[in-house]
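K.L.:
So you can see what is in the structure, the chains are spelled out below.
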Amino acid sequence: MKKYLVFIILFALFIFFQSTDIYSDISINGISPDFILIILSIGAFILGPMPGQILGFLVGLVLDIISGELLGISAFTYTVIGYGVGFLGKKIYGSNILISVILLFFATLVKAFLLSMLGTIFLKAGYFGYFSQGRVFLEAVMNSLLTPPFFFIITRIERRVVV
Amino acid sequence: MNHARSIRHRNILVLMVLLFISFVLMSISQKKFTIELKSIAYGVFYPFHYIGVKSITGVKDFFTSIENNRKLKEELAYARILLEQYERTQYEFEEIKRENERLRNLIGIQSKLEYETVIAEVIAKSPQNFYKTIVVNRGSTSGVKKWMPVVAYQDGVKCVVGKVVDVQRFSSRIQPIIEQSSYTGAMLQKSRFSGILQGQSPLSEYCLLQYIDRGVKINYGDAVVTSGMGGIFPKGILIGEVVSVSKKGYGIFQEALVKPKVDFGRLEEVYIITKTATEDFGE
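Note that the protein sequences, when read in sequence, are chains S and D. Just so you know, we're using numbering that gives the first Met the number 0 here: the first sequence kicks off at 0 and counts up by one. Just so you know, we're using numbering that gives the first Met the number 0 here: the second sequence kicks off at 0 and counts up by one.
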C-alpha cells in the first residue's frame with residue numbers, strides 16, 4: 000500500500016506542477032516533457048500491469064476533469080500505457096533502466112497516437128496535428144532522457160518506503 | 000502455470016472494463032448531464048488544485064523575489080516617466096474623445112458599446128500538452144457566465160485570449176483561441192474581409208484564419224481583429240498578425256496562419272468582458 004502512496008503523491012505533485020507557468024518555462028521549441036507519463040510508466044514498470052492500468056485510468060480521469068475537455072480520452076490512453084508498460088516491463092525484460100528509457104520513447108508515441116485518434120473520432124478531424132513537424136518525437140526524446148534520473152529517484156524512494 | 004494464466008486473464012479483464020468505461024465516458028462526454036458532472040467533479044478538485052498550484056508557484060516566487068525586487072525598482076522608475084507622459088496626453092485624449100462623440104452625433108453613428116470587465120488571475124493551466132485550457136479565479140459569484148469573451152492587456156495592447164467555457168462558483172475555465180476546438184469570428188483589419196479563426200494542433204501556438212476570399216490580397220504582418228460575428232466577441236479586438244498565407248490549387252478560399260498577439264506563456268491576469276452571448280450556444 001505504501002508504494003502506491005508514493006506514486007499517488009508523485010502524481011498529485013506533478014499534476015500541480017504541470018498546471019503552473021514553470022512547466023511552460025522548461026520547454027524546448029514549445030514542447031515540455033510529460034512528467035506524469037514518465038511517472039506512470041516507471042510506476043507500471045515497477046509495479047506491473049494491474050497497478051499500472053489502474054493508476055493510469057485514475058490519473059487520466061483526473062487530467063480529463065481538470066482539462067474540462069473530452070472526458071475519458073486521457074483515462075483510455077493512460078490505461079493502455081499503464082498496462083502495456085507494466086506487461087512488457089515485467090514479462091519480457093525485467094527491471095532494467097535502459098529498457099524503461101526505450102519504453103518511454105514508445106509510450107510517448109502511443110500516447111500521441113491514441114490522443115490524436117480518439118480526438119479525431121470524438122472531437123473533430125485534425126487532431127492528428129499532434130504529430131505535426133515531428134514535435135511529438137521531440138517530446139518522446141525529452142521523456143526518454145528524463146527517465147533515468149526519475150527512475151533512480153523513484154526506486155530509491157520506493158525502497159525506503161517499503162523497507 | 001495455471002495461476003500465471005489466471006492472473007493474465009484477470010489483468011486483461013480489468014483492462015477491458017477500464018477501457019470500456021473510458022469509451023462510454025467519451026461517448027457521453029458532450030451530453031448535458033456529463034458536462035454538469037464534469038463541472039461538479041472539477042468543483043471538488045478545485046480547492047486542492049488551487050492550493051497545490053499556488054504552493055508550487057509560491058516556492059518559485061520566493062526564489063525569484065530578490066531578482067524581482069531589483070527589476071521592480073527599475074520598472075518603477077520607468078513607470079514614473081511614462082506616467083508623466085500619459086498625464087500630458089490624457090488631456091488631449093479627452094478633448095479628442097469629446098470631439099469624436101460630437102462628430103458621431105452629427106453624422107448619426109451610434110457610439111461603440113463599452114462593456115464592463117471582471118479582472119481575473121490565471122491560477123492554473125491544463126497539465127497536459129494536449130490541451131491549453133486556462134483556469135482563472137473568478138466564477139459565478141463575480142458575475143462570470145459561460146461564453147463570455149476574455150481579453151488581456153500585453154505591452155499596452157488589448158488582445159483576445161479566448162472565451163469562458165465552464166463556470167464554477169469561484170473559478171472559470173477559459174478556452175484560448177489557440178485551442179484546437181476553438182472557433183472565432185475574425186477579419187483582416189485593413190481589407191475588412193472576414194473569416195473563421197481556428198486553433199491548430201495541440202502543440203502549435205498559431206491559429207488558422209480560414210474562408211478568406213481567394214481574391215483578397217493578404218500581406219505578412221496584416222492585423223487580424225474580431226469580426227463580431229458569432230455573437231461572442233465584440234467587434235474590433237486585436238487577435239494577432241498574419242505570418243503566412245496559403246492558397247491551394249483549387250477552391251474559392253485562401254487561408255492565413257495567424258500569430259496571436261497575446262503571449263500565453265506570460266499570461267498572469269485576464270479581463271472577462273461581462274457581455275452575454277447574442278446567440279444561444281447551449282449550456
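FYI, nobody ran anything at the bench for these hints, they're computed from the structure. Note that CB positions come from ideal geometry on N, CA and C, so glycine has one too. Treat the hints with caution; some may be incorrect.
[Claimed, not checked] Distance condition first, Cα-Cα at most 30 Å in a straight line; then the derived DSS-like pairs of lysine-lysine:
| hint | chain 1 | residue 1 | chain 2 | residue 2 |
| --- | --- | --- | --- | --- |
| 1 | D | K30 | D | K274 |
| 2 | D | K30 | S | K1 |
| 3 | D | K59 | S | K2 |
| 4 | D | K30 | S | K2 |
[Said to hold, decoys possible] Using C-beta positions, here's what the derived DEER-type ranges look like:
| hint | chain 1 | residue 1 | chain 2 | residue 2 | range |
| --- | --- | --- | --- | --- | --- |
| 5 | D | N67 | S | M0 | 21 to 27 Å |
| 6 | S | I96 | D | K189 | 55 to 61 Å |
| 7 | S | F151 | D | S54 | 24 to 30 Å |
| 8 | S | F112 | D | Y205 | 33 to 39 Å |
| 9 | S | L97 | D | T116 | 52 to 58 Å |
| 10 | D | G42 | S | N28 | 34 to 40 Å |
| 11 | S | M0 | D | L12 | 43 to 49 Å |
K.L.:
Next, verify each hint and record whether it holds.
P.N.:
Here's how the hints hold up against the structure:
Taking the CA atoms of K30 of chain D and K274 of chain D, the gap is about 25 Å. The hint holds against a cut of 30 Å. Straight-line distance between C-alpha atoms of K30 of chain D and K1 of chain S comes to about 38 Å, which puts the hinted pair past the 30 Å bound. About 28 Å separates the Cα atoms of K59 of chain D and K2 of chain S, which keeps this hinted pair within 30 Å; it holds. The suggested pairing of K30 of chain D with K2 of chain S is violated, with an alpha-carbon distance near 38 Å, which exceeds 30 Å.
A hinted range of 21 to 27 Å for the beta carbons of N67 of chain D and M0 of chain S is inconsistent with their spacing of about 43 Å. In this structure, I96 of chain S and K189 of chain D meet the distance hint of 55 to 61 Å, their C-beta atoms being roughly 58 Å apart. The hint said 24 to 30 Å for the Cβ distance between F151 of chain S and S54 of chain D, and at roughly 25 Å that hint holds. A beta carbon spacing of about 23 Å between F112 of chain S and Y205 of chain D contradicts the range 33 to 39 Å that was offered as a hint.
One distance hint, 52 to 58 Å for the beta-carbon pair L97 of chain S and T116 of chain D, holds here, with the actual separation near 54 Å. Range check, G42 of chain D to N28 of chain S: Cβ separation about 36 Å, and the 34 to 40 Å hint holds. Range check, M0 of chain S to L12 of chain D: Cβ separation about 23 Å, and the 43 to 49 Å hint is violated.
Checked against the numbered hints above, the structure breaks hints 2, 4, 5, 8 and 11 and satisfies the rest.
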